[in-house]
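For chain W, the structure is supplied; the task is to place chain E on it using the hints.
Chain order of the listed sequences is W and E. Just so you know, the first sequence maps onto residues 1 to 426 in full-length UniProt numbering. Just so you know, the second sequence maps onto residues 1 to 426 in full-length UniProt numbering.
Read the hints as simulated data drawn from the structure, not as lab findings. There may be inaccurate statements among the hints.
Unchecked claim - Chain E regions said to be covered by chain W (calculated; three or more residues, Cβ under 8 Å): (1) 111 to 118; (2) 124 to 130; (3) 375 to 385; (4) 399 to 410.
Idealized CB from N, CA, C, for every residue including glycine.
Number of protein chains: 2
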Amino acid sequence: MSEAATIARPIDAADLIADMGARARIASGLLARTPTAAKAEALRKAAAAIRDAAPAILAANATDVAQAQTNGLSSAMIDRLTLNPDRIEGMAAGLEAVAGLDDPVGRIIDRAERPNGLVLQRVRVPLGVIGIIYESRPNVTADAGALSLMSGNACILRGGSEAAASNRAIHAALVAGVTAAGLSADAIQLVPTTDRAAVGAMLTAEGLIDIIVPRGGKSLVARVQAEARVPVLAHLDGIVHLYVDRAADPAKALPLVVNAKMRRTGVCGATETLLIDRSYQNPRPIIDALIKAGCEVRGDAAARAINPLVMTADAADWDTEYLDSIVSVAIVDGVDAALAHIAAHSSHHTDAIITEDQATADRFLAEVDSAIVMHNASTQFADGGEFGLGAEIGISTGRLHARGPVALEGLTTYKWLVRGSGQVRP
Amino acid sequence: MSEAATIARPIDAADLIADMGARARIASGLLARTPTAAKAEALRKAAAAIRDAAPAILAANATDVAQAQTNGLSSAMIDRLTLNPDRIEGMAAGLEAVAGLDDPVGRIIDRAERPNGLVLQRVRVPLGVIGIIYESRPNVTADAGALSLMSGNACILRGGSEAAASNRAIHAALVAGVTAAGLSADAIQLVPTTDRAAVGAMLTAEGLIDIIVPRGGKSLVARVQAEARVPVLAHLDGIVHLYVDRAADPAKALPLVVNAKMRRTGVCGATETLLIDRSYQNPRPIIDALIKAGCEVRGDAAARAINPLVMTADAADWDTEYLDSIVSVAIVDGVDAALAHIAAHSSHHTDAIITEDQATADRFLAEVDSAIVMHNASTQFADGGEFGLGAEIGISTGRLHARGPVALEGLTTYKWLVRGSGQVRP
Numbered sequence: 001m002s003e004a005a006t007i008a009r010p011i012d013a014a015d016l017i018a019d020m021g022a023r024a025r026i027a028s029g030l031l032a033r034t035p036t037a038a039k040a041e042a043l044r045k046a047a048a049a050i051r052d053a054a055p056a057i058l059a060a061n062a063t064d065v066a067q068a069q070t071n072g073l074s075s076a077m078i079d080r081l082t083l084n085p086d087r088i089e090g091m092a093a094g095l096e097a098v099a100g101l102d103d104p105v106g107r108i109i110d111r112a113e114r115p116n117g118l119v120l121q122r123v124r125v126p127l128g129v130i131g132i133i134y135e136s137r138p139n140v141t142a143d144a145g146a147l148s149l150m151s152g153n154a155c156i157l158r159g160g161s162e163a164a165a166s167n168r169a170i171h172a173a174l175v176a177g178v179t180a181a182g183l184s185a186d187a188i189q190l191v192p193t194t195d196r197a198a199v200g201a202m203l204t205a206e207g208l209i210d211i212i213v214p215r216g217g218k219s220l221v222a223r224v225q226a227e228a229r230v231p232v233l234a235h236l237d238g239i240v241h242l243y244v245d246r247a248a249d250p251a252k253a254l255p256l257v258v259n260a261k262m263r264r265t266g267v268c269g270a271t272e273t274l275l276i277d278r279s280y281q282n283p284r285p286i287i288d289a290l291i292k293a294g295c296e297v298r299g300d301a302a303a304r305a306i307n308p309l310v311m312t313a314d315a316a317d318w319d320t321e322y323l324d325s326i327v328s329v330a331i332v333d334g335v336d337a338a339l340a341h342i343a344a345h346s347s348h349h350t351d352a353i354i355t356e357d358q359a360t361a362d363r364f365l366a367e368v369d370s371a372i373v374m375h376n377a378s379t380q381f382a383d384g385g386e387f388g389l390g391a392e393i394g395i396s397t398g399r400l401h402a403r404g405p406v407a408l409e410g411l412t413t414y415k416w417l418v419r420g421s422g423q424v425r426p
Numbered sequence: 001m002s003e004a005a006t007i008a009r010p011i012d013a014a015d016l017i018a019d020m021g022a023r024a025r026i027a028s029g030l031l032a033r034t035p036t037a038a039k040a041e042a043l044r045k046a047a048a049a050i051r052d053a054a055p056a057i058l059a060a061n062a063t064d065v066a067q068a069q070t071n072g073l074s075s076a077m078i079d080r081l082t083l084n085p086d087r088i089e090g091m092a093a094g095l096e097a098v099a100g101l102d103d104p105v106g107r108i109i110d111r112a113e114r115p116n117g118l119v120l121q122r123v124r125v126p127l128g129v130i131g132i133i134y135e136s137r138p139n140v141t142a143d144a145g146a147l148s149l150m151s152g153n154a155c156i157l158r159g160g161s162e163a164a165a166s167n168r169a170i171h172a173a174l175v176a177g178v179t180a181a182g183l184s185a186d187a188i189q190l191v192p193t194t195d196r197a198a199v200g201a202m203l204t205a206e207g208l209i210d211i212i213v214p215r216g217g218k219s220l221v222a223r224v225q226a227e228a229r230v231p232v233l234a235h236l237d238g239i240v241h242l243y244v245d246r247a248a249d250p251a252k253a254l255p256l257v258v259n260a261k262m263r264r265t266g267v268c269g270a271t272e273t274l275l276i277d278r279s280y281q282n283p284r285p286i287i288d289a290l291i292k293a294g295c296e297v298r299g300d301a302a303a304r305a306i307n308p309l310v311m312t313a314d315a316a317d318w319d320t321e322y323l324d325s326i327v328s329v330a331i332v333d334g335v336d337a338a339l340a341h342i343a344a345h346s347s348h349h350t351d352a353i354i355t356e357d358q359a360t361a362d363r364f365l366a367e368v369d370s371a372i373v374m375h376n377a378s379t380q381f382a383d384g385g386e387f388g389l390g391a392e393i394g395i396s397t398g399r400l401h402a403r404g405p406v407a408l409e410g411l412t413t414y415k416w417l418v419r420g421s422g423q424v425r426p
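If we strip away everything but chain W, and leave its shape as in the complex, we get (with noise of 0.2 Å):
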């Protein structure tokens, strides 16, 4: 090829995710070493300069939102993409919260002295490359940014073409923190254009992006596990079960399902499947205040015998992730059949039981194969703050590397190191 030819040639997606991935990595290598302090002090210059820009976001969030309305989008995706003070107030204080978490790089996972007088330790140190591919909330470039900095790792972030206005007024104030500080201002790089050719040069980036996160719905995230050739972390459906057992206290369970399933109906940690054990006590009372808390409620034969108010659940019932205000309820005989069913339809997400009887508790917890088990508890705790994780980038429902919520630890992995006094093996 001649060199005008060379010349000629328009950037195309893979140029442009090879170049931002090779400049993400020069900055991986430095940001795995740079020191917590350092780190700490980025986010929180992040989140100065998050307030300083707060005028040039709005505006930025305003032409998104004009440009959402003039194409017709949903009053629940302006919803999600439209930012005000408060909002930009909790990015800023996302971002310091995460500068003050515990910095699991250097960690020392464990430690061996072999007879041969080898030391060898296990330090946990970040992946390398983070690819964040999101929707329509601007947040989240705050957020996964500020997550993938404090784990040591560049980030490479492409969010939803609705807010790109929006997301470059953030970018821009998150790389003026970084570079404060001193970082590179690759750490934290914004795919700077929305053409979707660019996800899918990301999703075959390997060697360039070491792991790709979706956050978003359905749809994406399932784009995503198709087309992907990097390593994906990612959750799909939370089918949350919830199983009232024969010894269930009432003045527990009640509360318990109504909160499970209708505190917050949207959340990936909502009931949504209610199994009800054929010889607890006093059902009605929970399927009563169900309805009366405004949830639809469908059911099996048995389920509907208990108030007419329930309709008739169809086999699509049992593996719907509904996120609104519908249950679903079979009554089960007993923990045997309550685990039957969770293995038969559970998301493998989040799971929970309701019984005073330590025994069944513990079968519950030992047999229910998913991310997250639960004894007594709301299933609405299913998220990365109630873990204590300060933040989350997301909560997995695959089997490797990280299950559940995922935080700082999930975005690093280990090396071995092994010191020695001149050994060679025999």
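Frame of chain W; chain E shown alone:
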């Protein structure tokens, strides 16, 4: 489709793997709750069954070897394929060794009590179903089956077609031991066909197989990584570097270099590139010792100036895993240049430094981004057995989930257990 048509349809590879996977999933649920002692007993009974079946295994192996000779396989491949009484005893002893390892299942990774009284634990659980795809070494059937079982996982084994009869005989002994201990025969399954389509079906068996472990040469691993939709635990090249710093003790450096390169040249921990600090006082004895040991030395101009027997290294040499009595040698300007060379050429498997300067050693250990980084030790120690893991299913050069030597713990994941007393989320 009519019933007759259903019956007439041939069983294809996807159906076969779907059936094996479904049975493996049930077995994995049982194995996850099988006590350590029962798993160990199964492996000890399998070891006894292997010893009892030695004549049958040797007879089956003889047919494989005869077929391989007829097919004109290389002598190296026939050597890997061939069993003898010592190798069979080695397999049996290996099963007993795995039976004696610490069981990671049920181990509590960490525990926290939240201000609201919720008690959280992360507890190790098996991955589920492991698919192992390997080549001509029949002992992998026993090794991989044992590591999977002891870590509470069901496995689906797919060995090389050239070892089919040997693998069937070994597998039969394993199943005899497993069932004699009262465990499910589906815990260790062997794909009964050597049809290559079965490999493709395993690689795309998402939801049926939780992780694929390829064990074999580069072409196998490359095919698996290219085609797999199931996560893969794999290592590709071991382009291993050994850096002799200016502050290296010559009395340690010479035997370390010779051992790291020449002890066994075909293992992934064998040194492939030797980097010597230009300020190291006495490089000639090292080069001479390698040549005397039968190693072909290929070097840059400065290395060739040390000894005229050094041949010319070309650009490809710096990226080559020889697995042979060949080494590339570069003379570098201190630890900075060594780190830059390693960053550019390492396969992130194992890299090592020889120095008496603690600050230089610490910097090398911190900055080299490889699964294993060593100081004053032979790179030939890169091995799960030498690391005290008791065995290894492979050495991962990937960054996610497990890195470096992988044994029982690397075949587990964790779940979160949350114990409450009726807490609802505000």
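Note to self: If you test the structure against every hint from before, which numbers come out violated?
What the structure shows: Violated: none.
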